[in-house]
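Trainee: Take a look at the letters that make up each chain.
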Amino acid sequence: MQLIACPWCGPREELEFSYGGQAHVAYPADPAGLTDEQWARYVFFRDNPKGPFAERWAHSAGCRRWFTAVRDTRTHQFVSVGPLAGSEATP
Amino acid sequence: MSRIEGYGRVDRSRTVTVTVDGTEYTGHPGDTLASVLLAHDARPLGTSVKFGRPRGIGAAWVEDPTGLVQIEEPFPEPMVLASTVEITDGLVARGVNGQGRLSDVADVARYDHRHVHCDVLVVGAGPAGLTAARRAARDGLDVVLVDDRPEPGGTLTGTETIDGRPSREFVADVVAELAADPRVTHLQRTTAFGHYDDGLVLALERRERGASRQRVHRIRAARVVIAAGAIERPVVFEDDDRPGVMLASAARDFLHRHGVLAGREVVVFTSDDAAYSAAVDLHDAGAAVRVLDARARVPEVWARRCAERGIEVSADTQVHGTLGDDRVTAALVGAERREVPCDLLLVSGGWNPTVHLFTHVGGRLGWDPALGAFRPAAPLPGVEVVGAADGTLDLAGCLRQAGGADAPHAEEEHGEPTMVLWRTAGEPARQFVDLQRDATVADIARAVGAGMRSVEHVKRYTTIGTAHDQGKTSGVVASGITAELLGRPIEDLGTTTFRPPYTPVAFAALAGRARGDLYDPVRTTAIHDRHVAAGAEFEDVGQWKRARHYPQPGEDMTAAVLRECAAVRTGVGILDGSTLGKIDVRGPDAAVLLDRLYTNMMSSLKVGRVRYGVMCGNDGMVFDDGTVLRLADDRFLVTTTTGNAAPVLDWMEEWLQTEWPDLRVRLTSVTEQLSIFAVAGPRSRDVVGAVFADLDVGNDAFGFMSWQDTALDGVPVRLARISFSGELAFEVAVSSWYAPALWDRLIEAGRPYGITPYGTETMHVLRAEKGYPIIGQDTDGTVSPHDLGLGWAVSRKKPDFLGRRSFARPQNQDLLRKQLVSLLPVDAATRLPEGSQIVHLAEDGRLPAPPVPMLGHVTSSYHSAALARPFALALVKGGRERIGEVVGVPVGGELVAAQIGDTVLVDPEGARRDG
Ligand SMILES: [Zn+2]
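As given, the protein sequences belong to chains F and L, one line each in that order.
Residue 147 is where the first sequence starts when you use the numbering used here, and the numbers rise one by one after that.
Residue 290 is where the second sequence starts when you use the numbering used here, and the numbers rise one by one after that.
Derived by calculation from the structure, the hints in this document are not laboratory data.
Treat the hints with caution; some may be incorrect.
[To be verified] Only pairs whose alpha carbons sit at most 25 Å apart, straight line, appear in this in silico DMTMM-like list of lysine to aspartate or glutamate:
1) K196/F <-> E160/F
2) K1087/L <-> D1116/L
3) K1087/L <-> D182/F
4) K895/L <-> D989/L
5) K1059/L <-> D975/L
6) K895/L <-> D983/L
7) K1166/L <-> D908/L
8) K1086/L <-> E201/F
9) K1087/L <-> E745/L
10) K1086/L <-> D182/F
11) K1059/L <-> E183/F
12) K1087/L <-> E160/F
13) K196/F <-> E773/L
14) K1087/L <-> D845/L
15) K1166/L <-> D1069/L
16) K339/L <-> E294/L
17) K895/L <-> D873/L
18) K196/F <-> D486/L
19) K1059/L <-> D983/L
20) K1059/L <-> D939/L
21) K339/L <-> E745/L
22) K1086/L <-> D809/L
23) K1166/L <-> D182/F
24) K1166/L <-> D1089/L
[Said to hold, decoys possible] FRET-style restraints, in silico, Cβ to Cβ:
25) G655/L <-> A207/F: 33 to 43 Å
26) V225/F <-> T450/L: 47 to 57 Å
27) G179/F <-> R653/L: 19 to 29 Å
Even for Gly, the Cβ is constructed at its ideal location relative to N, Cα and C.
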């Protein structure tokens, strides 16, 4: 049971959080302008690195806010956490 | 009787009586079952699992591989170690012959959990642990100290000297200092059994008093100090499993803790120094002792002490076997197998640091040749290992390592290094390695012969280390013997992985209070008691209890549902729909957000109107559906399916926060705040009109898919013309505080019309007759709105919404996609089981030759009162093109013919919805 440091609430147990996959995968500006393959890449394909990985997490059973975390996939250690780019508040 | 005057810390002023295998024994408070049995020279406890060989007490604590008992009274408990059972009056136990058995009596004891946070957790209250805890406490830290034994002090017998005083006085002083410190929690009888990420340790407390029998402490510590000591390891020889063969330290433990001399004629076989203290102590307590040291050099200081006492010491001497029937009568010494009579054969092959908690969190071990054992090889952040657990076996070193600047002092002892000796010469098939599993050196040889090269494989092949003790004494020995047989150094092989729990933990303790009604939260609606009073049968929908149907005397579910369906289609029924998810969507950009989330256009919805909406994932597959009420320009009320209430809110939040943080919208769950009742049927207008007399409920004033606010005795109520049955219907919503009163008024007003409460089963039938899909029942995550015939709910005007781009993928254009259709069994009698496969029939109406092509499956199936026959909904490949076709459905070995039809079977022209 890892501790994850929510940028707003501080360290809480991992079961309070839900995982949101790779961070910084923006919704395409013009989906209709994409080829089927480009669209499929957006919907179905994500990176799977061995090492630091920028991910989205949500503090579902806490403040319910999403944040970005860099986690080392080899050790599960959280390297850093921070608010989402463009979110209106900072902790 | 082997109780020795002047020894032990049991309370001899009081007597405790226990019964083992039908015989009564007396002991004293402080005794264990094992010490009582040894005090009475009792017979062996049981027999081994495979060969039925006699089994007795092999050690004094949790490492014992043999002394298993079944507790019958005061509480049935299978397979526990006699060495760990503290006796109480009336305790009844049996030895275990072969396997234990589960109790057939329910466990009525209470178990609970406690969350603890601290700066430092110290595991083990031996000299190192006590010293470490005292040091942390003096630094002003919050300290938790746990120890699995009944009393603190670890293996200190009282014969040692610390800071110039008897060691037990040192223990008493430290314990008193810790007890006086409000920042210290000190728990004995508490086993730290698992160590997890970021300083989380689970510890099981065996409680003597309090409401619960056992308590799991969930300790989150900034720093974990592991001072768990070390476990003596045996040397393997022929017939080393006979009762009377025991770890040397155990005999010393029984003597100093319990005042019990485990034998009168003692042979000590050792390859290290520690066993000498057992030899000397047992001699001083009255036993005849001789020492056989496998090493060529006997340690000087011990040779002198033995000589002073007349204890014969033989160097370079090994035990090769034993004699005896029920218990050992002689050791067979040397290659010539010289008989040396004894009733107790003590063995010591060195010490294995208790590194379990260190390895649980990924700590790596290394072989220490000087120590002759595996010990922590590299530090872990936030974890400290001190004392014998780190391989520091001498008392002075333990105190120094744990104590820092004000470490207590003990005299240094200088001896000879441990000789690593895994086994002596003998017949491998009778050299027992894991005494609980009856696994021998021959089994390891067989594993190696079969090609096993890893100790993990050898463990699984031989089962060594898989019993209740998890190889506490046998694991490393098995590694050593495997290494010898492979001709490789043991450091190349390592040990098997130690996993939690360190000692067995009852499931009841892990469950704590989360059993029965408290296992999972149960959600009931505000009028649950009305359903109970009406005789409802309930079904679980997520955590909700929903009324499924309301059987009257003599009715089964089929009969009740047919009656309820008929009531709604011909009169009026009422359904508690309060479990529907409800989300309040508020803000200037609320309409923009909903336009992006729903397939249909929501921004064009007028205040006062209601629209059915479908949500898809990015893959274009249906995720949820429900109604959307526009309450104001900047405010909507969204409903979701019962099971998807939380996921839909999460989904909306995710997009709002992560992708469109510029939208000014707030989302609030109001599922529990708002109760909703559906009043449905041709007479529903009469009922609603009677309750809300000042509201015009006529079709012109209150049209389909519109809502109106009113009040009842000053309580706000919202009504909406929404129908999930095809009948004229009103959804009546009120704050859940007033739900019971509103329900009662509706029932009362409906009495003249025979208003009938109906449950979820009836709701399912009514909606299926109209072809309305239930997301999650008729869909499975691979179904698009078009597959469901909901293309009309997909906007062509909006440039984009979630899922839209996927509709253009070629896979979505495939004419052979599975589509929702109805199925009518041709015999008009068979109810097709949900989940049944649908197959293409051959020309002759029989099953075609294999492989039989599958066309789809039945998703919903019911008896219909309106149609007076069974019917089903199904997902069928290219289903809409096949309307009219007859297909086959295998049911219990028979092939049932069924005709594919349009989904709307009742009132296809929609004439009934306005009454
Ligand atoms: Zn938070």
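Trainee: Are the hints correct? Go through all of them and say.
Mentor: Against the structure, the hints:
no.: 1; hint: K196/F <-> E160/F; result: 21 Å, holds
no.: 2; hint: K1087/L <-> D1116/L; result: 46 Å, violated
no.: 3; hint: K1087/L <-> D182/F; result: 20 Å, holds
no.: 4; hint: K895/L <-> D989/L; result: 17 Å, holds
no.: 5; hint: K1059/L <-> D975/L; result: 23 Å, holds
no.: 6; hint: K895/L <-> D983/L; result: 24 Å, holds
no.: 7; hint: K1166/L <-> D908/L; result: 20 Å, holds
no.: 8; hint: K1086/L <-> E201/F; result: 35 Å, violated
no.: 9; hint: K1087/L <-> E745/L; result: 61 Å, violated
no.: 10; hint: K1086/L <-> D182/F; result: 21 Å, holds
no.: 11; hint: K1059/L <-> E183/F; result: 38 Å, violated
no.: 12; hint: K1087/L <-> E160/F; result: 39 Å, violated
no.: 13; hint: K196/F <-> E773/L; result: 38 Å, violated
no.: 14; hint: K1087/L <-> D845/L; result: 49 Å, violated
no.: 15; hint: K1166/L <-> D1069/L; result: 15 Å, holds
no.: 16; hint: K339/L <-> E294/L; result: 40 Å, violated
no.: 17; hint: K895/L <-> D873/L; result: 17 Å, holds
no.: 18; hint: K196/F <-> D486/L; result: 20 Å, holds
no.: 19; hint: K1059/L <-> D983/L; result: 32 Å, violated
no.: 20; hint: K1059/L <-> D939/L; result: 31 Å, violated
no.: 21; hint: K339/L <-> E745/L; result: 22 Å, holds
no.: 22; hint: K1086/L <-> D809/L; result: 45 Å, violated
no.: 23; hint: K1166/L <-> D182/F; result: 24 Å, holds
no.: 24; hint: K1166/L <-> D1089/L; result: 28 Å, violated
no.: 25; hint: G655/L <-> A207/F: 33 to 43 Å; result: 41 Å, holds
no.: 26; hint: V225/F <-> T450/L: 47 to 57 Å; result: 51 Å, holds
no.: 27; hint: G179/F <-> R653/L: 19 to 29 Å; result: 53 Å, violated
Going down the numbered hints, you'll see the structure goes against 2, 8, 9, 11, 12, 13, 14, 16, 19, 20, 22, 24, 27, while the others check out.
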